[in-house]
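K.L.:
This is what each chain is made of:
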Amino acid sequence: MTLTPLTQNIHPDRGPTGIVEYEGNGGYLAVRDTLANLNPSEVLELIKEANLRGRGGAGFPTGMKWSFVPPDNHSGHRYLVANADEMEPGTFKDRLILEFDPHQLIEGMILSAYTISANIGYIFIRAEYHTAIRRLRQAIDEAKARHYLGTRILGSEFSFELHVHVSAGRYICGEETALLNSLEGKRATPRAKPPFPQVSGLWGRPTIVNNVETLCNIPHIVARGADWFKSLGKGVDAGTKLFGASGRVKHPGCWELPMGTSIREILEQHAGGMQDGYQFKGLLPGGASTDFLVSEHLDVAMEYESIMKAGSRMGTGTMIILDDRTCPVGMIANLEKFFARESCGFCTPCREGLPWVQQLLEGIEAGRGSVQDIEILERQSRFIGAIGNTHCAHAPGAIEPLVSGLKYFRDDFDAHIRNQRCHFKSGDA
Amino acid sequence: MKLNQNIPSPLSEAEISDIEAEISHLPDRKSAAIDALKIVQSYRGWISDASLGAIANLLQMSNEELDGIATFYNLIYRRPVGEKVILLCDSVTCWIMDGDKICQKIKSHLNVEQGETTADNKFTLLPVTCLGDCDHAPVMMVGDELHHDLTTTRVEEIFR
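These protein sequence lines are chains B and W, in that order. If you read the first sequence in our numbering, its first letter stands for residue 1, the second for the next number, and so on. If you read the second sequence in our numbering, its first letter stands for residue 1, the second for the next number, and so on.
Check each hint, because a few of them may be wrong.
Said to hold, decoys possible - Below, computed lysine to aspartate or glutamate pairings styled on EDC-like, alpha-carbon distance capped at 20 Å:
id : chain 1 : residue 1 : chain 2 : residue 2
1  : B       : K186      : W       : D35
2  : B       : K186      : W       : E113
3  : B       : K407      : B       : D324
4  : B       : K186      : W       : E65
5  : B       : K425      : W       : D100
6  : B       : K186      : W       : E20
7  : W       : K30       : B       : E184
8  : B       : K250      : W       : D98
9  : B       : K186      : W       : D28
10 : B       : K144      : B       : E161
11 : W       : K101      : B       : D323
12 : B       : K425      : B       : E362
13 : B       : K425      : B       : E305
14 : B       : K186      : W       : D49
15 : B       : K425      : W       : D28
16 : B       : K250      : W       : D149
17 : B       : K250      : B       : D324
18 : B       : K186      : W       : E22
Read the hints as simulated data drawn from the structure, not as lab findings.
Kindly produce the complete structure, drawing on both the sequences and the hints.
P.N.:
Here is the structure:
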């Protein structure tokens with residue numbers, strides 16, 4: 001039995017897996033079997049039992065998320081949306097699936113839609129993923145031709161139509177309620193919750209939004225069972241995860257590994273360790289909006305609770321490595337410039353606070369910092385980062401690398417202020 | 001995406017028919033706002049005030065509401081752009097991998113600043129959020145084409 005279900009059909013050197021090869025490897029058997037033999041509540045129980053958690057960043061249990069969708073009273077449309085708006089800085093995992101195994105996502109969406117009784121699906125994808133968009137559209141046509149999509153699929157009572165929606169940009173579209181506003185043709189400002197999308201989502205109808213990688217796990221769980229899925233993880237978390245590493249490592253890349261693989265194994269074994277002449281200094285474990293971890297955390301397992309205990313989050317599971325010759329103040333300034341630019345501008349702490357933080361950090365990096373600046377950064381972090389001060393998690397996420405950066409790299413901040421210059425520039429690092 | 005300044009501001013039949021096709025599977029006309037902007041931009045390269053007014057009219061919404069949407073999205077252009085847009089990643093991994101040097105090289109080689117179009121109208125340089133190719137940083141897109149593992153030499157070859 002495969003230990004890498006998500007990537008079993010991914011062979012970048014051979015191009016995308018077409019429907020014939022996909023079916024040849026057991027693809028769409030889960031759809032055939034489910035439509036003939038299982039009712040939606042049985043699939044839901046299976047996903048709950050499998051302990052699948054969201055792979056997009058928040059890590060919410062998928063079965064529980066789905067269970068909040070009200071029972072189908074046949075009063076109108078119900079929607080399933082795949083969040084393919086991969087834009088978290090340092091994240092390059094969903095692209096792999098979208099480009100090389102688009103049928104895996106389509107099959108996952110058919111099964112998920114069946115479970116929540118959704119009749120319309122959207123794949124919300126960023127416009128820059130041209131190759132993925134083209135291949136997804138082709139795969140949808142192939143699936144339609146085999147009657148995996150459409151009306152009364154394979155002779156069952158279940159109907160499901162699937163569309164690709166190409167976005168017009170902005171990171172905030174990855175936030176699920178902002179994404180729904182964007183799908184409705186509006187500005188992508190996140191919505192206040194409640195009501196939750198499960199009850200009142202797209203055009204006020206019950207809607208589930210799931211990350212691409214999350215949805216791709218569904219066919220495998222349905223085909224092979226919850227116990228098999230749980231056995232894939234090394235520790236408490238079930239399944240595999242697409243982990244990645246970028247920065248000054250020898251072999252940056254993305255690998256499907258068991259949940260619970262240690263940071264050290266990913267960094268040293270799969271990414272080949274640091275490039276010659278560079279030392280490890282820290283990392284963001286799952287994208288820009290996760291807290292820094294440092295050397296003492298290298299043996300932490302990449303699983304939701306263990307990373308939380310270490311003070312960070314799984315996020316997208318793709319690590320950004322900070323080396324000893326890159327300035328942490330400059331790196332955090334880059335991150336906060338990004339978050340300030342990508343704020344939707346609706347909530348005051350985010351709209352006004354993040355540009356202020358950006359200016360202070362850029363000032364410190366440029367040699368104009370003062371001791372008071374650190375105090376303002378710390379105070380602003382409390383205002384901006386507090387859950388509940390803003391509608392969505394953009395601002396709290398933005399503050400995570402700043403708060404942890406101030407904790408672990410305080411010496412670097414102090415040196416910038418004391419010397420009124422960045423000691424990583426002009427070769428005296 | 002070829003810039004064509006000769007299309008008159010009222011929408012063409014092709015543009016209207018493309019937009020109506022989008023509206024046909026949506027619950028109301030306004031829901032097609034982003035699709036409509038993208039359709040018109042695909043024909044004209046950018047969204048002028050006249051185009052914006054014509055789209056708003058077709059979707060039965062105010063110019064102000066549509067402009068609020070148009071200006072929210074970074075891939076809707078409310079000013080003319082060159083034949084190809086350069087989307088240069090300025091996110092964290094590209095920054096670590098000396099993306100700033102690539103940016104300086106593009107600016108000096110093409111003689112443009114961020115947000116500007118080259119004198120020959122071929123390229124517009126814009127920053128973009130992480131392009132999801134971080135294991136090959138630094139990264140940029142030129143038109144629809146992704147270029148990665150960028151070096152200053154590669155930049156010269158690409159824009160030769």
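K.L.:
Now, for every hint given, state plainly whether the structure supports it.
P.N.:
Consistency of the hints with the structure:
1. Of the supplied pair hints, the one linking B:K186 and W:D35 holds, its CA atoms being roughly 11 Å apart against a limit of 20 Å.
2. Among the hinted pairs, B:K186 with W:E113 is inconsistent with the structure: their alpha-carbon atoms are about 31 Å apart, more than 20 Å.
3. Proposed proximity of B:K407 and B:D324 is supported: the alpha carbons are some 16 Å apart, at most 20 Å.
4. The suggested pairing of B:K186 with W:E65 holds, with an alpha-carbon distance near 9 Å, which does not exceed 20 Å.
5. Using a Cα cut-off of 20 Å, the hinted pair B:K425 and W:D100 holds, with the two alpha carbons roughly 13 Å apart.
6. Proximity of B:K186 to W:E20 is assessed by CA-CA distance (about 18 Å); at most 20 Å being required, the pair is judged to hold.
7. A distance of roughly 8 Å separates the Cα atoms of W:K30 and B:E184; the hinted pair therefore holds under the 20 Å criterion.
8. The suggested pairing of B:K250 with W:D98 holds, with an alpha-carbon distance near 16 Å, which does not exceed 20 Å.
9. In summary, the hint linking B:K186 to W:D28 is supported, as the alpha carbons are separated by about 12 Å, within the 20 Å threshold.
10. Simply put, B:K144 and B:E161 have alpha-carbon atoms about 9 Å apart, close enough for the 20 Å limit, and the pair holds.
11. Annotation: proposed proximity of W:K101 to B:D323 holds, straight-line Cα distance about 18 Å (limit 20 Å).
12. The hinted pair formed by B:K425 and B:E362 meets the criterion: a straight-line CA distance of about 14 Å does not exceed 20 Å.
13. Pair hint B:K425 plus B:E305 does not hold up; C-alpha atoms about 38 Å apart against a cutoff of 20 Å.
14. Restraint check: the Cα-Cα separation between B:K186 and W:D49 comes to about 19 Å, which is no more than 20 Å; the hinted pair holds.
15. For a cut-off of 20 Å, the pair hint linking B:K425 to W:D28 is broken: about 55 Å separates their Cα positions.
16. For a cut-off of 20 Å, the pair hint linking B:K250 to W:D149 stands: about 14 Å separates their Cα positions.
17. For the proposed pair B:K250 and B:D324, the alpha carbon gap of about 15 Å is at most 20 Å, so the pair holds.
18. Between B:K186 and W:E22 the alpha-carbon distance is near 15 Å, which keeps this suggested pair within the 20 Å criterion.
Of the hints listed earlier, those the structure fails to meet are numbers 2, 13, 15, in rising order.
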